[in-house]
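If you read the protein sequences in the order shown, they are chains A and B. Residue 85 in our numbering is what sits at position 85 of the first sequence, and the numbering runs on without skipping anything. Residue 74 in our numbering is what sits at position 74 of the second sequence, and the numbering runs on without skipping anything.
Incorrect hints may have been included.
Capping the alpha-carbon separation at 20 Å, the derived lysine to any residue pairs in SDA-like fashion look like this [what the hints assert, rightly or not]:
# : chain 1 : residue 1 : chain 2 : residue 2
1 : B       : Lys47     : A       : Asp10
2 : A       : Lys126    : A       : Val11
3 : B       : Lys68     : A       : Glu22
A few chain A residues facing chain B, derived, Cβ under 10 Å [claimed, not checked]:
#  : residue
4  : Glu22
5  : Ala24
6  : Met26
7  : Val27
8  : Asn44
9  : Arg46
10 : Gly47
11 : Met66
12 : Arg67
13 : Leu68
14 : Ser69
15 : Arg93
16 : Thr95
Derived by calculation from the structure, the hints in this document are not laboratory data. All residues carry an ideal CB built from backbone N, CA and C; glycine is no exception.
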Amino acid sequence: MLILFFYLGDVKYSIKCEKVREVAPMVTLKDVPNTPEYFAGLFNYRGMIVPVIDLCQLIQGRPCKMRLSTRIILVDYKKDDNTPYVLGLMAERVTEAVRRPKDVFLSPGINMGEAPYLGGVVMEEKKMIQYIDLDLLPESFNFLPMLQNPSDNAQETY
Amino acid sequence: MKDLVILKEENCWKRIGVWGRETPPCPELDRGIQCRNCAVFTQAGRKLLERDLPQEYKDEWTQILVEKKEEELPGTLSVVIFRIQGEWLALPAGLFAEIIDPGLIHSIPHRKNLAVLGVINVHGEIQLCVSLQRLLGLDTETFNEKETQQRYERMMVLSKDGEKWVFPVDEIHGIHHLRPDRLRNVPVTVAKAKSTFTKGIFKWDEKHVAFLDHELLIYTLARSIQ
Numbered sequence: 001m002l003i004l005f006f007y008l009g010d011v012k013y014s015i016k017c018e019k020v021r022e023v024a025p026m027v028t029l030k031d032v033p034n035t036p037e038y039f040a041g042l043f044n045y046r047g048m049i050v051p052v053i054d055l056c057q058l059i060q061g062r063p064c065k066m067r068l069s070t071r072i073i074l075v076d077y078k079k080d081d082n083t084p085y086v087l088g089l090m091a092e093r094v095t096e097a098v099r100r101p102k103d104v105f106l107s108p109g110i111n112m113g114e115a116p117y118l119g120g121v122v123m124e125e126k127k128m129i130q131y132i133d134l135d136l137l138p139e140s141f142n143f144l145p146m147l148q149n150p151s152d153n154a155q156e157t158y
Numbered sequence: 001m002k003d004l005v006i007l008k009e010e011n012c013w014k015r016i017g018v019w020g021r022e023t024p025p026c027p028e029l030d031r032g033i034q035c036r037n038c039a040v041f042t043q044a045g046r047k048l049l050e051r052d053l054p055q056e057y058k059d060e061w062t063q064i065l066v067e068k069k070e071e072e073l074p075g076t077l078s079v080v081i082f083r084i085q086g087e088w089l090a091l092p093a094g095l096f097a098e099i100i101d102p103g104l105i106h107s108i109p110h111r112k113n114l115a116v117l118g119v120i121n122v123h124g125e126i127q128l129c130v131s132l133q134r135l136l137g138l139d140t141e142t143f144n145e146k147e148t149q150q151r152y153e154r155m156m157v158l159s160k161d162g163e164k165w166v167f168p169v170d171e172i173h174g175i176h177h178l179r180p181d182r183l184r185n186v187p188v189t190v191a192k193a194k195s196t197f198t199k200g201i202f203k204w205d206e207k208h209v210a211f212l213d214h215e216l217l218i219y220t221l222a223r224s225i226q
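With the hints as constraints, model all of the structure from the sequences given.
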C-alpha cells in the first residue's frame with residue numbers, strides 16, 4: 001500500500017494514497033471571506049472549483065509556510081448521493097511516498113473527540129507517525145455546503 | 001541511518017566521495033556503495049525544495065492546473081512528422097530506428113529502380129538509401145523552394161522486420177500524438193500516385209499531413225529491389 005508522508009511544521013504525518021488523485025504544486029488560491037482559518041481558498045483545478053484546506057492551520061493553528069515543497073494533495077471524494085468531488089489538502093514538505101504493508105497501520109484505541117480523523121498511527125522505523133483518515137476528514141468541515149449531508153439541506157427547505 | 005546528523009552545510013559527497021582514500025572510510029559507503037544511496041545526500045536534495053515559493057512558479061502552475069488534462073484515447077498513434085519538399089508526411093514512430101545527419105550516398109551503377117538512390121554507411125553497416133519523393137511520385141516542379149526559408153535535411157532510418165531503410169527528407173518535425181478520430185480519409189478525387197500509399201490525412205498546425213501506409217510502402221520497396 002502506498003503511503004504519502006508530509007510534514008506539518010516539524011511533525012511528520014501520513015495519508016493513504018488510495019484516494020489521492022494528484023499531488024499538485026502550490027497555486028494561487030482565491031480567498032473566501034468569513035470562512036474558518038483553515039480554509040485556504042478555492043482554485044480552478046482542470047475546470048472544477050476545488051476548496052483547499054490548510055492542514056497546518058487545521059491541526060496546528062498556523063498557516064503552511066510557502067515553500068517549494070508545500071503542495072496541494074488532491075483527494076477524490078464522493079458525496080452521499082454518489083456525486084464525486086475533489087478536495088485539496090495543503091501540507092508542508094510533501095516529498096515522500098513509500099510502499100508499506102497494510103499492517104503498519106495501527107489504531108491506538110483512543111477517541112480523538114475534536115479531531116476524529118487523527119486516530120491511527122503508522123509504525124515507521126519504530127517511530128509513530130500519525131495518519132490522517134481521509135474518510136473522517138470532511139466531517140470536520142461544516143462550512144462548505146457542498147460537503148454537507150444532502151439530507152441537511154433538504155430539512156432546511158421544509 | 002536516522003542517527004546521521006546533518007550539518008547545515010554538509011557536502012560530504014563532494015569532500016569524501018566514493019573514491020575517498022581516507023581512513024577510516026565513510027561507514028555509509030559500506031552500506032550504500034554510492035553516495036546517492038545515502039540519507040545525507042537525500043536530505044540535502046530535499047533541502048533544495050525548502051526554498052521560498054517564487055510567485056512566477058505559483059502563477060505558472062495555477063495556469064497549468066486550469067487546463068483540462070487531455071485524455072489519451074485508446075488507439076492514439078505516435079507518428080513522426082517529416083517534410084519532403086512541400087509535402088508533410090507521417091509514419092508510425094515505432095518504425096523509426098533513428099534520425100541521422102545526411103551522409104554520403106554511394107550510387108549503384110545499372111540500377112533499374114529510380115527510387116533507389118544508392119547505399120549509405122550507417123554506423124558501419126551498409127543500408128539502402130531510397131528516395132521517398134520518387135517512390136511516392138511527389139511533384140518536384142510545383143514546389144517553390146522559397147516558401148520555406150531553411151532546409152533541415154536529415155535521413156530517417158526505418159527498421160522493419162530486421163531490415164533497415166534509409167530515406168533522405170528535407171525536414172523532421174518530430175513525434176506527434178495522433179488521435180484516431182483526427183485521421184480523415186483521402187479524398188477519392190486525388191489521382192496522385194502517392195495517394196495509394198496514403199492511409200489518411202490529418203490536420204496539424206494548419207497543415208495537412210498525409211499518414212503513409214508503411215506496410216504497403218515497405219512491401220512495394222522490398223518487391224521492387226528484388
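Outcome of the hint check:
At roughly 14 Å between alpha-carbon atoms, Lys47/B and Asp10/A fall within 20 Å of each other, so this suggested pair holds. At most 20 Å may separate the alpha-carbon atoms for a hinted pair to count; Lys126/A and Val11/A meet this at roughly 15 Å. This hinted pair checks out: Lys68/B and Glu22/A have alpha carbons roughly 14 Å apart, not beyond 20 Å. Interface restraint check for Glu22/A: the shortest CB-CB distance to chain B comes to about 9 Å, inside 10 Å, so the restraint holds.
The closest approach between the C-beta of Ala24/A and any C-beta of chain B is roughly 6 Å, which is under the 10 Å cut-off, so the hint is satisfied. The beta carbon of Met26/A is positioned within 10 Å of a beta carbon in chain B (closest approach about 6 Å), and the interface hint is therefore held. At its closest, the beta carbon of Val27/A sits 4 Å from a beta carbon of chain B; the interface hint therefore holds under the 10 Å criterion. Evaluation of the Asn44/A hint against chain B yields a held restraint, the C-beta minimum of about 5 Å falling below 10 Å.
Restraint check, Arg46/A versus chain B: the minimum CB separation of about 5 Å is within 10 Å; hint holds. Interface hint status for Gly47/A: upheld, as the beta-carbon distance to the closest one in chain B is roughly 5 Å, under 10 Å. Proximity of Met66/A to chain B holds as hinted, the smallest CB-CB distance being about 4 Å (cut-off 10 Å). Taking 10 Å as the C-beta contact cut-off toward chain B, the hint placing Arg67/A at the interface holds, the least distance being around 5 Å.
With its C-beta approaching chain B no nearer than about 5 Å, Leu68/A sits inside the 10 Å limit, and its interface hint holds. Hint on Ser69/A holds. Least Cβ distance to chain B is approximately 4 Å, under the 10 Å limit. Annotation: interface hint on Arg93/A holds; nearest CB of chain B at approximately 7 Å, less than 10 Å. Given hint, Thr95/A at the interface with chain B, holds; its Cβ is 6 Å from that chain's nearest Cβ, closer than 10 Å.
Comparing the model with each numbered hint stated earlier shows that all of them hold.
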